[in-house]
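Listed below are the residues making up each chain.
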Amino acid sequence: MNGKALPYLLLMPATLFLCVFFLYPFVLVAFEAVTRDGAFTLDNFRAMAGSWKFPATVRNTLLLAAIVVPIQLAMALLMASIVSRLEAGRSAALYIFAIPLGISDLAAGLIWLAIFDQSGFLNTLLSSLGIVDRPVMFLGYQSKLTIFIAVVLAEIWRATAIMMVILVAGMGLIPREYHEAAEVFGAGPWKRFVRITLPLLRPSLQTAIILRVILAFEVFAVVAALGGTNLPVLMGETYNWQFTLQDRNVAAASALLILAISIGFTLFFLRVLRVPKEARI
Amino acid sequence: MSAVAEAPVAATADARKAGDWLLVATAILLCVWVLLPIYLLIVNALSSPQDVTGFPKRFFPSFDLGSLSFFINFAGVARALWNSVLVATLTMILSIGFGAPAGYALSRFDFAGKGTFRFLVLMTRAFPLPLLALPLAVMFIRTGLDDTAIGLALVHTTLALPFAVLITFSLFSGIPVELEEAAWTLGCTRWQAFRKVILPLALPGIAASAVFAFTISWNEVFAAAVLTIENRTLTAFLLQSLGESPLYLKFAGGAALVVPALIFIFAVRKYLFAMWGIANR
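Protein chains in written order, with the numbering used here: chain A, 1 to 281; chain B, 1001 to 1281.
These are computed hints drawn from the structure, not numbers from a lab. Careful: at least some of the hints might be erroneous.
Derived pair list, reagent style DSS-like, types lysine-lysine, alpha-carbon separation capped at 27 Å [what the hints assert, rightly or not]:
(1) LYS4(A) / LYS1114(B)
(2) LYS1017(B) / LYS191(A)
(3) LYS1196(B) / LYS1270(B)
(4) LYS4(A) / LYS1017(B)
(5) LYS144(A) / LYS53(A)
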C-alpha cells in the first residue's frame, strides 16, 4: 500500500462521520433557525426572545455558571493538591473523587432530590435536631431560591470531578524538580502552589475551565429533576420548544443562542488564559 | 548549643505533622461529600415505597425490595434498560471503530492536514453537542432512523468520538515506535506488526476508552429524550416520567443509573488520568 495514502485512509472514517453528524446538522440547525416555511426570517429569534420565560431563562443559566464554575475550580484545585500530596490512600481518594464523572446529570438531580424533597433527608435531619417542627417544602414553585441552591449544590457535586481529573493529569506533568528546588530555597507550600503549580498548570486550567463552562450552559436534567419547570434554563427551554410546543424552528434558534454563548466564552477563555508556545512543558 | 539548633527543627516537624493531619482530614471530608449523597439515594432505593414517601426518614435502608421490584416491573422499564445498553454498546463500537484508526494515524504519521484534523476534533468540544439531535430528528425521519437505537447511537458517537480519537492518540503515542520498526525488520508487514505487537499493548487502554464511550452514552439525557419516543433509553424514560412518577420509582431509577456508573469508573480508574493528561493538549 502507498505509505502516503495510509494516514488519510485511517482518518477517513472519523472525518466522514464528523462531517455527516457534526458539520451537516450544525449547518441544518443554523438554517432552521433563520428560516420559516422556506423563507428567511428572524421571527424565530423574536419568538424566542419574546417568550415571558426568556429573561429568567438566560439569567438563571448565566447565574448558575457564574456561581458554580468558580467554586468548582477552587474545589478541583484543592482535590488535586490533596491527591498529589497524599501518601497513603492516594488511589482510593482518586477513585472516590472521580466517581461523579460517571454519574449522569439526571441521576445527580435524583440524588439531590432524595435530600431536598419534602420527605427527604435534609428535612429529617432538621426536624430531628429540632430546627424545624414540620417538613419544609424546599422545591415548591414558591421557593425559587432553595431550588436554585439545590441545583447549585447538585452541579458542584456532580461536575467538579471532570475539572479535578484534568488538573490531576496536568499536575502530573509538572517536573518534581521545580518543587524540590523551591523547597530548598525555603518556599512554603502556599508559595510553591501560587508561584509554581498555578502558572505551570495554565494549559490544564484553560482546558478545564472551557470544558466546564460549556457544560454549565448545557445544564438541563439536574434542573428538570429538582425544579421541574420552576427554574427555567436555556437547554430546558430548547427542549420545551422542540417537544411541548412542537416548534423546531424556535428550538433551533434557541440552540443557536446556546452555541453562540458557548463559542463566545470559549474564545474569551482561550484569550484570557492564553499559553505562550515557549511556556509549555 | 544543640538545644537552640533543635528548636526550629522540632517546630517545623510539628507544623508538618499538623499539616499532614489537616490534609488527611480534608481528604476524608471530601470523600464523605462525594459518597454521602450516593449512599442516601441507595438507602431510598433499598427501602419499601412506604419508607421512601414516609417521614421522618431513617438513615439506614430497610432492605425491602419493594421499590426496586416496583421499578423493574413498571411498564416500559425493562425495555428502557435494554435500549440503554443497546445504544451504549453501539456507541462504544462506533466510536472506537472510527476513533482508534484516527488516533493511530495521528500518533504515527506526519502528514499535511494533521493539525487541521486535530483542531477540528478539539473544536467539537466547544459545541453543546446534544443540540445536534434537533436537526437530526428530521433527517432521521426521512431515512427511517427515527426512534431507533442506531439513530441515537450515531448522535452519541458524535459525543464520544472526539474523546476516542484523543485517548487512543495518547495511548498509541505512549508505545515506542521502535517496537513496530523492530517487527518490520523481522519481516512483518505494517498490518502484522500492528496486530501482533502494538494491539496487544494498546488493548487494555482501548478497552478503557470503550468503557468511557459507553458511559457517555449511558448518561446522555437530552438527545435521548429528543430522538426516542417508543424506544426510550432509561435516562429518557426517567426524564419523561419525572412529572408523574412516584418518588420511589425515581429513586430506584436513579440507583439503576448510578450503580453501573460506579463500576465503569472503577474499571477505568487506572487509565482515567493518563487518558486526560495527553487529551488535554
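Query - Given hint LYS1114(B) paired with LYS4(A) - CA-CA distance at most 27 Å - result: Roughly 13 Å between the alpha carbons, so the hint for LYS4(A) and LYS1114(B) holds.
Query raised in the report: Quick one, are LYS4(A) and LYS1017(B) close enough, alpha carbons at most 27 Å?
Result: 60 Å, violated
Query raised in the report: Would the pair LYS144(A) and LYS53(A) pass a check requiring their Cα atoms to be no farther apart than 27 Å?
Result: 14 Å, holds
Query raised in the report: Between LYS1196(B) and LYS1270(B), is the straight-line Cα distance small enough, at 27 Å or below?
Result: 24 Å, holds
Query - Holds or violated: LYS1017(B) to LYS191(A), with C-alpha atoms at most 27 Å apart - result: 19 Å, holds
Hint compliance for this structure: hint 4 is the single one not met.
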